[in-house]
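Residue numbers (my numbering), protein chains in the order written: chain E, -1 to 207; chain H, 1252 to 1372; chain Z, 11 to 519.
Quick caveat, the hints were computed from the structure, so don't treat them as lab data.
Check each hint, because a few of them may be wrong.
Claimed, not checked - Lysine-lysine pairs mimicking BS3-like chemistry, simulated, CA-CA at most 25 Å apart:
{"id": "1", "chain 1": "Z", "residue 1": "LYS398", "chain 2": "Z", "residue 2": "LYS379"}
{"id": "2", "chain 1": "E", "residue 1": "LYS59", "chain 2": "E", "residue 2": "LYS176"}
{"id": "3", "chain 1": "Z", "residue 1": "LYS71", "chain 2": "H", "residue 2": "LYS1344"}
{"id": "4", "chain 1": "H", "residue 1": "LYS1271", "chain 2": "E", "residue 2": "LYS196"}
{"id": "5", "chain 1": "H", "residue 1": "LYS1323", "chain 2": "H", "residue 2": "LYS1294"}
{"id": "6", "chain 1": "E", "residue 1": "LYS72", "chain 2": "E", "residue 2": "LYS196"}
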Amino acid sequence: MNNPTLLLSELEEDLLKELFNIGIGKAAATLSRMIGQEILLSVPDVTFQRSELLLTNFSEKNSIASISQSLKGKFSGEAVLLFPENSSLEVVKLLLGSRYSDEMLADLKQEALVEIGNIVLNACVGAVAQAMNGDFTLDIPNYNLASSSEILNTYNINPNDPILLINIDLRLHESNVKGYLAFIFGPMSINSLHETLKQLIATLHPTSK
Amino acid sequence: MTDKTILVVDDSRVSRMMVKSMIGELKPGAKIIEAEDAEDALKLLESHSVDYFSVDLNMPGMNGLELIEKLKPDNTNSKFALLTANIQEATHKHCQSLGVACINKPITEESVTQMLEYFYE
Amino acid sequence: MQTASSKILSNSVLDIINSAVIIIDAKLNINTWNNWFTTRSGLEPSEHTGKNIFDLFPDLKSTRVSDAIDNALSFGFPSVISNMFTPTPFPLYSVINFEEDKNFDDRIQQSISVARLNIDNEYYCLIQISDVTASVLRERTLEQQISERKLVEDALLKSEVKHRTIMETMVDGLIVFDNHGLIESLNPAAEVLFGQEEVDLLGCTIFPLFQELSEFNEEADLHDMFLMENFLGKSQEVLALHKDDHTFPVELSISEMQIGENIHYSALIRDITERKKIENLKNDFIATVSHELRTPLTSIRGSLSLVCGGVVPEISDKALELVELANRNCDRLLLLINDILDMEKISSGKMQFNLETFDLASLLKNIIKSNIAYAEQYAVELVFNDNKNKIYVSVDEHRFSQVISNVLSNAAKFSSKNGQVDIKMEKQDDQARISIRDHGLGIPAEFKDKIWKKFTQVDSSNTRKIGGTGLGLAISRSLIEAMHGNIDFDSEENKGTTFYITLPIVQEN
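Just chain E, same shape as in the assembly (with noise of 0.2 Å):
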């Protein structure tokens, strides 16, 4: 497998990138409407890489807290949410801070986190689904805690094989947690988006450059 990040064209790149944009803003309109306030959730970034550079994004000390829902269709493999652990609880804090006390978010942390996680897969799959007009089928999310060293191990991954990465930033009052999307698939399924991101900008532009 030749290395990964050659694979996207500038345009099959920018397409990713708005079509996460999309799926994120929904999210954030989603989650904006939970709790009542104004959330600003924007994609800066969307790369292949190789997945142990994954582990770059987080500090060894601390615990990366995931959620998790398996994916089925073109193309298969895990969507993965991740923060660093304590992050996460930033985030919790953020959204629900004001209904509950910090002992009861530390709680209920798990509970807030999936639903989180859900909300934004769920919505990051359906722009994709959607505009590719492809059948989708997404598993109930999960929720991991573990150590940097051992989240390769917890999804399965090799070291070697490609992630899709996208960098997420959410944005509520003046604070700001930065999250992590990973896509991760199998070596068919690589092919596959791929394939499916060459037609789409080919409908678009029949002369693409």
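Chain E is already provided as a structure; the job is to place chains H and Z on it using the hints.
Coordinates of chains H and Z only, in the frame set by chain E:
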């Protein structure tokens, strides 16, 4: 009916392509120019006059609403549409108070039709 | 559709489970719901089948629930709706208080999951609602307990904040450590003084920060050590060690506090670098001036001595008397200047000591002999109690004599007329102890500490009567300490004073 000029402002090239392509199908006579961010849009306006603006909300630098606020006073005869996937209560209210249309992303035939109906009504 | 719902309901599982199940079709119309839902909502399924769910439950429009239903029907994605964000979307009530007037607050706490079903090639949406009121209530009680505890913590915190503010803003360094010497906190002033950050020093011992404490270790009994070295409740001048390895002079005092069962210490550190600089400047100045004064003074004295010695026989008796007075005062001035210069030499470490081994008894006898004439002026007798002990000490003869003479002259001065000064020496472990006792005025208690300082007089009126500059004891102490000895005294007003001078015993060589 004279050909109208539509300015599409979006940092995603793919999005601009999609909007352009769909407008091309639904209103073939319209002239379409593109800008990739607010700065680019302002520069274009120095040499072009625009009838309709299709503006993405989420852009680096000045966002869509800020750009519309800036352009409105000097373009009183033009119409503005804000495109976004994230339509929250606050965004809706802001659009209403500015008197601009709020169009939901993803960019589909439906949403573009809605936007064009607003422009050409 | 009827077939589908009866297929589902014929599986009576739906009616035994302890949660509500609602089934709607792809057009959002109610297909059916289970008995659990009926009993908690008061709504019969047969009366509402076919109605749009959002018409029946308008509260659900534009909420998480409607998004979830949309996700399920459009894409087939499952959703979980936790109680935390959306606590009571459906109008369901506890079976018990059902008959009473229902309002929003009476709704049961809900936790919901939404999924898509494919039955006979048709899509349906399945909504399952659990009652989580019990666990929410339990959490609320817990929450109240927690908030009460918080009130208590807040009260404690406020006083801590007050102390914290003082700690943050005070100018002197403050370090709090435990009874093993492990640092618990460091205020900003201390961070600046030592060039370190609190985070780097937490959990380290405080001993390496001070030269005088560097021998201490965690095993030491700090209370005893601090007491012995005179840090507890008193301040001592010590050398502190900065992060870049340079030392600087500070005043250190340590207090002990008991918090609960634990003993903690707090060290107050005041940087005296500036003060020391000024002291040094002052001393240098004094020394320079004294030096300059000495030369002309010596020649004045020289001339006066010659006249007193008879080099001008024509001089009248009256004139001679006046010249003698002038001469005596010149002597006094010179002595004072010499003393000042000596002090400066000692404190700047420039004084040379020529240490030799002496038989203490014979040395003392010699010194006493040379002071007899002085004591006779006051009609005081100097008596040496020779116990024939052979003790040897290592001292600089000149300086040692200076010290003993100083003490003897004070004893003589302050004794009553016809009194006696007793001198004796004895062995105490490895130290030789000399005691010089007078039966005179005594030193009042309030001067006990001040007396060692330069330029103090017990009573300046006494001095005018008796004469003396008050420098003597300060110098004496410095000199004896430089010879590894100690000097101290006991005194009772109007009964007398006993001075003790101790020196280490050496082998005869």
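Results for each hint:
1. LYS398/Z - LYS379/Z: holds, 18 Å
2. LYS59/E - LYS176/E: This hinted pair holds, its Cα atoms lying about 17 Å apart.
3. LYS71/Z - LYS1344/H: holds, 19 Å
4. LYS1271/H - LYS196/E: Given pair LYS1271/H, LYS196/E holds - Cα atoms ~19 Å apart, limit 25 Å.
5. LYS1323/H - LYS1294/H: holds, 15 Å
6. LYS72/E - LYS196/E: holds, 14 Å
Of the numbered hints given earlier, the model fails none.
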